[in-house]
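Enquirer: Residue numbers (our numbering), protein chains in the order written: chain A, 1 to 568; chain B, 1 to 568.
Keep in mind the hints are simulated off the structure, nothing from the lab. Among the clues, some could well be false.
Note that the list lumps identical chains together, so a pair holds whenever it fits in one copy or between two copies.
Derived DSS-like pairs: lysine-lysine, alpha-carbon spacing no greater than 27 Å straight-line [said to hold, decoys possible]:
| id | residue 1 | residue 2 |
| --- | --- | --- |
| 1 | LYS133 | LYS252 |
| 2 | LYS402 | LYS233 |
| 3 | LYS402 | LYS376 |
| 4 | LYS27 | LYS306 |
| 5 | LYS133 | LYS479 |
| 6 | LYS468 | LYS402 |
| 7 | LYS25 | LYS35 |
| 8 | LYS456 | LYS25 |
Predicted model, so just to flag it, every value in this text is computed and none were measured.
Protein chains: 2
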Amino acid sequence: MAEQQIGIDWDEDFDRLTPSQFFRKNKQMLGFTGKIRSLTIVFHELITNSFDACEEAGILPDIDIELMRVDKEHYILRHKDNGPGIPEDYVMQVYCMMFAGSKFRNIQSRGQQGLGCSGCVLLSQMTTGKPAKVISCYKEGDEIKGVKMKFQMDVENNRGILMEREDYPAESTGVCIELQFKDVSYSMAEQGAFEYIRRTMIGNPHAQITFRDPTGHKYIFKRAADIVPVQPKEVLPHPKGVSADDLMTMAKNTDKRRYKSMLTASMSRMSNKRVDEIAEMTGIDMNKRPKDITFAEAEAIVHCFKKMKFMAPPTDGLIPIGSDQIEKGMKQILQPEFVTTITRKPVTYAGGVSFIIEAGLAYGGNSGRKVNEQRKSEIMRFANRVPLTFDAGSCAITEALKSIDWKRYGLKDLDNTPLTLFVNIISTQVPYLSTGKQSVSPEPEIVQEIRQATMKLARQLQKHIRSKRAAKEKEKRSKVFEEYVPVIIEEAAKLGETGVPEYQEVLAKVTKRALAELLGEKVEEEVEEEELDAIIMEEFDEMGYAVDEEHSNLNFEEEDDEEGEFEE
Amino acid sequence: MAEQQIGIDWDEDFDRLTPSQFFRKNKQMLGFTGKIRSLTIVFHELITNSFDACEEAGILPDIDIELMRVDKEHYILRHKDNGPGIPEDYVMQVYCMMFAGSKFRNIQSRGQQGLGCSGCVLLSQMTTGKPAKVISCYKEGDEIKGVKMKFQMDVENNRGILMEREDYPAESTGVCIELQFKDVSYSMAEQGAFEYIRRTMIGNPHAQITFRDPTGHKYIFKRAADIVPVQPKEVLPHPKGVSADDLMTMAKNTDKRRYKSMLTASMSRMSNKRVDEIAEMTGIDMNKRPKDITFAEAEAIVHCFKKMKFMAPPTDGLIPIGSDQIEKGMKQILQPEFVTTITRKPVTYAGGVSFIIEAGLAYGGNSGRKVNEQRKSEIMRFANRVPLTFDAGSCAITEALKSIDWKRYGLKDLDNTPLTLFVNIISTQVPYLSTGKQSVSPEPEIVQEIRQATMKLARQLQKHIRSKRAAKEKEKRSKVFEEYVPVIIEEAAKLGETGVPEYQEVLAKVTKRALAELLGEKVEEEVEEEELDAIIMEEFDEMGYAVDEEHSNLNFEEEDDEEGEFEE
Numbered sequence: 001m002a003e004q005q006i007g008i009d010w011d012e013d014f015d016r017l018t019p020s021q022f023f024r025k026n027k028q029m030l031g032f033t034g035k036i037r038s039l040t041i042v043f044h045e046l047i048t049n050s051f052d053a054c055e056e057a058g059i060l061p062d063i064d065i066e067l068m069r070v071d072k073e074h075y076i077l078r079h080k081d082n083g084p085g086i087p088e089d090y091v092m093q094v095y096c097m098m099f100a101g102s103k104f105r106n107i108q109s110r111g112q113q114g115l116g117c118s119g120c121v122l123l124s125q126m127t128t129g130k131p132a133k134v135i136s137c138y139k140e141g142d143e144i145k146g147v148k149m150k151f152q153m154d155v156e157n158n159r160g161i162l163m164e165r166e167d168y169p170a171e172s173t174g175v176c177i178e179l180q181f182k183d184v185s186y187s188m189a190e191q192g193a194f195e196y197i198r199r200t201m202i203g204n205p206h207a208q209i210t211f212r213d214p215t216g217h218k219y220i221f222k223r224a225a226d227i228v229p230v231q232p233k234e235v236l237p238h239p240k241g242v243s244a245d246d247l248m249t250m251a252k253n254t255d256k257r258r259y260k261s262m263l264t265a266s267m268s269r270m271s272n273k274r275v276d277e278i279a280e281m282t283g284i285d286m287n288k289r290p291k292d293i294t295f296a297e298a299e300a301i302v303h304c305f306k307k308m309k310f311m312a313p314p315t316d317g318l319i320p321i322g323s324d325q326i327e328k329g330m331k332q333i334l335q336p337e338f339v340t341t342i343t344r345k346p347v348t349y350a351g352g353v354s355f356i357i358e359a360g361l362a363y364g365g366n367s368g369r370k371v372n373e374q375r376k377s378e379i380m381r382f383a384n385r386v387p388l389t390f391d392a393g394s395c396a397i398t399e400a401l402k403s404i405d406w407k408r409y410g411l412k413d414l415d416n417t418p419l420t421l422f423v424n425i426i427s428t429q430v431p432y433l434s435t436g437k438q439s440v441s442p443e444p445e446i447v448q449e450i451r452q453a454t455m456k457l458a459r460q461l462q463k464h465i466r467s468k469r470a471a472k473e474k475e476k477r478s479k480v481f482e483e484y485v486p487v488i489i490e491e492a493a494k495l496g497e498t499g500v501p502e503y504q505e506v507l508a509k510v511t512k513r514a515l516a517e518l519l520g521e522k523v524e525e526e527v528e529e530e531e532l533d534a535i536i537m538e539e540f541d542e543m544g545y546a547v548d549e550e551h552s553n554l555n556f557e558e559e560d561d562e563e564g565e566f567e568e
Numbered sequence: 001m002a003e004q005q006i007g008i009d010w011d012e013d014f015d016r017l018t019p020s021q022f023f024r025k026n027k028q029m030l031g032f033t034g035k036i037r038s039l040t041i042v043f044h045e046l047i048t049n050s051f052d053a054c055e056e057a058g059i060l061p062d063i064d065i066e067l068m069r070v071d072k073e074h075y076i077l078r079h080k081d082n083g084p085g086i087p088e089d090y091v092m093q094v095y096c097m098m099f100a101g102s103k104f105r106n107i108q109s110r111g112q113q114g115l116g117c118s119g120c121v122l123l124s125q126m127t128t129g130k131p132a133k134v135i136s137c138y139k140e141g142d143e144i145k146g147v148k149m150k151f152q153m154d155v156e157n158n159r160g161i162l163m164e165r166e167d168y169p170a171e172s173t174g175v176c177i178e179l180q181f182k183d184v185s186y187s188m189a190e191q192g193a194f195e196y197i198r199r200t201m202i203g204n205p206h207a208q209i210t211f212r213d214p215t216g217h218k219y220i221f222k223r224a225a226d227i228v229p230v231q232p233k234e235v236l237p238h239p240k241g242v243s244a245d246d247l248m249t250m251a252k253n254t255d256k257r258r259y260k261s262m263l264t265a266s267m268s269r270m271s272n273k274r275v276d277e278i279a280e281m282t283g284i285d286m287n288k289r290p291k292d293i294t295f296a297e298a299e300a301i302v303h304c305f306k307k308m309k310f311m312a313p314p315t316d317g318l319i320p321i322g323s324d325q326i327e328k329g330m331k332q333i334l335q336p337e338f339v340t341t342i343t344r345k346p347v348t349y350a351g352g353v354s355f356i357i358e359a360g361l362a363y364g365g366n367s368g369r370k371v372n373e374q375r376k377s378e379i380m381r382f383a384n385r386v387p388l389t390f391d392a393g394s395c396a397i398t399e400a401l402k403s404i405d406w407k408r409y410g411l412k413d414l415d416n417t418p419l420t421l422f423v424n425i426i427s428t429q430v431p432y433l434s435t436g437k438q439s440v441s442p443e444p445e446i447v448q449e450i451r452q453a454t455m456k457l458a459r460q461l462q463k464h465i466r467s468k469r470a471a472k473e474k475e476k477r478s479k480v481f482e483e484y485v486p487v488i489i490e491e492a493a494k495l496g497e498t499g500v501p502e503y504q505e506v507l508a509k510v511t512k513r514a515l516a517e518l519l520g521e522k523v524e525e526e527v528e529e530e531e532l533d534a535i536i537m538e539e540f541d542e543m544g545y546a547v548d549e550e551h552s553n554l555n556f557e558e559e560d561d562e563e564g565e566f567e568e
């Protein structure tokens, strides 16, 4: 059959889409599914973009958001920041061109895909047909320039179409964008826009957000820490994280004339001496022009990288929140009975991409989620300080936390404990699982780090619960002593036909010492640090997370103490 | 601080990426994470592409796959199909251009993104630097032409670069592609390539796959059903599923001169009479040129669509596997004690996108997964007959199945029952959550349908378990009668000083009848169909899946019986 019917009319049916057309057809891939989620994603994209812009310019973020209700499921959103602004020539590229942006460098930033802002404009246009309105005030030389623009997205050509433009009298730098949306809703629920802002504040105590909600109520989320944010630096790729294909791409795009100078200029920890060693091992002429390198040669070089020892990647490009700040944030929001936090040392995944895991655990008080009057556990996932609200199921953080044997730490299970677990992954290249940036790929090294961090916190919680229990027991035993000893003494006095001695003071001393001895063992019955590490590695093995030896961090040279050290 | 340090050097730092460059940096978004998963995704992309091509041309798919091991984690994959082939001019566009393809029409196909094949070529090139080799044999008029090509992907320009080309003596149509991969591994595990093929066969009993694994072992997965696959048809969008932005896009791209003819030509169920009604309701001049329509007018028209009654979308574009076929597949692979399957009627999500849910439930035998000698439940997710292997957590299918109160159906819980649950969603537009196409967005209508289908199956399982239990009980009671009645009769005979009568035959009759009566009630104690629907709706309400009334299927006109009916 069907010999005559050819299924595809190639000239007619074969299409080439622009990125904007592709995402217009697949807006769920930008995270735009559901009315509540869509609005939360818009908040997420605009806030993270403002934070990134502010921090790169060394400015404490101060953001003003106003959400006005026009009609049922129809809103106007006005979002204003105090960042460095966007030069006029780039405004429409930032907001209307997909896969364009300044986030493709090897720098720690919340955004990294060049999709977020243009996605918001796309959603606005798709649901309302209304143009975007932007005021951008930016420095040009010593002057502050201002421009007010109105534009639409030309989806067929992945670019903006300017509709109106006028000069704007600028006083200070910053961007204000106004967008309209239909088919979205504002919600106070866990996945709604309000909760998103609240969680953002835990990860960003240096920021300030003023939010006027659709009822006109004004919330001011005050800056908790007046710390000038450290500016993240662009870091060059580390040889251990570079693939042959990366080398080929570098060779294509370099302005260096020789392979040698390309290698030293494009990677961290790569000296002339190192290049000479590689030349010797591989026999490759390092004076070749970069464009003449073959894939096989690139592979040979990467093979050397794997065998050589290098200093760990520079980590001054990574700026964690810091365990003190996380503790402050969690205490302020959760009023827990117990809280413990940790910021681990930087390590790497995929061989050479550095990352830092930070974690916090709060117990009791308002920790956890309230479900039918019972408090259950709650996981707060963050990446580069940004709350991850959706797609928890497939995320490295969820996977790591669920894989821990919580019984080992004296908890029945993870679900039914009044716990809030906070995990933040800091990296110049967070491996997001999808364009919606809501979950982190479960790379083995990342899962391992989260497990280790969390297990250390769990051990602290166990100590806390144990000493609480011990204190209770102590009290109980004290009562036993204090109730019965007097009786014994009195009866003994009667039997001995003598007077009752003054025993109260002595008894108090004895019970304290006796109990300390009795309970001391239990309280001190702690696993030593090395033993703990052994337990961790053992659990780790059970989970099957064997770390590729070539890729493990064991292969790095020891480095100076100042470098790569963070408070723990 | 930092007044002089502007963070971004716009001219230097602002980049515009091609789709290929974007996915080169974010290959995990194409599903390429982990060595095992990456290879499975390659199999997935090539197999689904071949199936789609064959079916569109009305050909029974017959695929030959050979995986050769070159070295540790280094393989050559040769994939050959008997499809209609790709015309020479389109070969490099199919394999090297991202966001290009023939899958953007409103037609049921496994692929729909124009990313799959080019993603495989990208991964091959990134890991090995080797070119792709393709032989394509295709019809041109009555002649079969053949071409052999070797090409690379030009990532910077999102296109192919031809390296070699020669004529190939073609006998029959089809495509053979050979790619090399490093850093991938072949595995027999649940998420490995072999299991992927096995599951594919459940969803595609009309296909045949021959697979030679790296050890040289040849597996032939034989065609289970020699049914010529029905060719899916391109269906026009239904008015209930169209947005104002869709109308604007249609207006931009139409070749019609008037709005009226554009509307009737671009949508299903849209007659001249209907357009006149809309004109009357909205006051819009339907003789306008399409390009003159404003967004507000488009909104007004969509508003009318929402209020009007239309016949349900045509569903001859949807080709389910069929409950018989699913049952055959599950029996063959699982040898279950009990199996039940269902193919539901077509319904719609997002107002007007039709879809069909098919489900199967197998119990006992080899159903479920074996975990430490215990059999646990297993969920097999499919979309347009393609197995979904990863990202189960956030998928509509997982969400629906986990939300069912399994205790209602006599099961302890979902996890610890030896069950295999199969769910397939058929649609011209499956709302995938990510570019890796491994999970379906939990649209409320889709979740509802999966729940309803599965609950009906669960009810069947409950009946089966009950009658099994009843049969056991019956046997037990029969024994009681048969053991004790003779004793009573004999003792009675003794007391009455008379002989023991011939009671065996009578007893057998009595116990059968008596027990049938005793147990009959229990066996028949079934919930009627309407009552079941009430239970379903009640559970549904509890879950908070209120279906938007405007979007529900209640608003469709009744249609002829022939239309949209599938075996159930």
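Enquirer: Taking the numbered hints from earlier one at a time, note which ones the structure violates and give those numbers from smallest to largest.
Expert: 2, 5 and 8
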